[in-house]
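Given chain A's structure and the hints, the job is docking chain B onto it.
Those protein sequence lines, which keep their order, are chains A and B.
Under the working numbering, think of the first position of the first sequence as 1, with each following residue one higher.
Under the working numbering, think of the first position of the second sequence as 1, with each following residue one higher.
To be clear, the hints were calculated from the coordinates, so they are not data collected in a lab.
What you are looking at is a predicted structure, and each value in this text was computed from that prediction instead of being measured.
Glycine residues also receive a C-beta, built at the ideal position from the N, C-alpha and C atoms.
With a cut-off of at most 27 Å between alpha-carbon atoms, the simulated DSSO-like pairs for lysine-lysine come out as follows:
#1 Lys30(B) with Lys99(A)
#2 Lys52(B) with Lys99(A)
#3 Lys3(A) with Lys54(A)
#4 Lys30(B) with Lys52(B)
#5 Lys99(A) with Lys54(A)
#6 Lys3(A) with Lys52(A)
Where chain A lies over chain B, by a calculated footprint (3+ residues, C-beta under 8 Å):
#7 48-58
#8 101-114
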Amino acid sequence: LAKTTQPISMDSYEGQEVNITCSHNNIATNDYITWYQQFPSQGPRFIIQGYKTKVTNEVASLFIPADRKSSTLSLPRVSLSDTAVYYCLVVYNAGNNRKLIWGLGTSLAVNP
Amino acid sequence: DAGVTQSPTHLIKTRGQHVTLRCSPISGHKSVSWYQQVLGQGPQFIFQYYEKEERGRGNFPDRFSARQFPNYSSELNVNALLLGDSALYLCASSSTGGGGTEAFFGQGTRLTVV
Chain A
1 LAKTTQPISM DSYEGQEVNI TCSHNNIATN DYITWYQQFP SQGPRFIIQG
51 YKTKVTNEVA SLFIPADRKS STLSLPRVSL SDTAVYYCLV VYNAGNNRKL
101 IWGLGTSLAV NP
Chain B
1 DAGVTQSPTH LIKTRGQHVT LRCSPISGHK SVSWYQQVLG QGPQFIFQYY
51 EKEERGRGNF PDRFSARQFP NYSSELNVNA LLLGDSALYL CASSSTGGGG
101 TEAFFGQGTR LTVV
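Pulled out of the complex, with its shape left as it was, chain B reads as follows:
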């Protein structure tokens, strides 16, 4: 069974551009979470979705948005990119997203903003 898959694995964007990152959860998982991880630091929580509804939101500006589709895959969108948005973006899926539920991570998308 496939694990969490993220696409693309790497990309380079210019300041001011927009980017869309995609995540496919493990089959049967209904919750997806997004994280930003800057080199040398821990993951920072961005969003969590469950059954297509937002369940949690971290302290990120409105330039960051996300959605979850009926097949439980998810997109993370970032508008007006800044140099500081350069990071590894991680997606995690879990069966319910609630407490006591193990989350499985993808390999991440490495975003570089120049």
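Extracted from the complex, chain A is given alone in its bound form:
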């Protein structure tokens, strides 16, 4: 059964690096891992996406080990405005049916 698991909440302070790990044990070889950020009353916003090893963009890095059963979103030097819920999304391809499985979200609180 496809499942995506991540911590419910995390606390941090301004300027720190935050790492959020997601487990996706049943990921298939051709599935991508995507992370989204969501603020209250808004739709999710794309952060980063990867398939293997490491991906970096202007806001985050994504680390994916060789077995691909987990992934870690890294947010460098967080600020108060990074307080939000972060979701891990894995696309599972089962024949002609694609299922987009979201984690329950990690509520990140950044403190001054």
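Chain B alone, transformed into the frame defined by chain A:
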């Protein structure tokens, strides 16, 4: 360029009624996905359409249906509404819907069933 637009933004329905939610993707995007998000939980995948064909379906009852039009806009229909259908319904568009494609979300439609 306009982002993903959803209508209406809010609506209230009575149990047993039917509802139609609409989504216009970003210009040039051919894939639309629908999600249900209950307060305090992550989005639950309902459907994905690409080039007017269903590409994926989540674990929702047959009361939920959707379609995509030639202009790539989409409708989500829910029949025989239940109180538990109250949620934020999100639409996302992407260029192809395949792996490695970034999806852009609308602001959602807040449905309340009373």
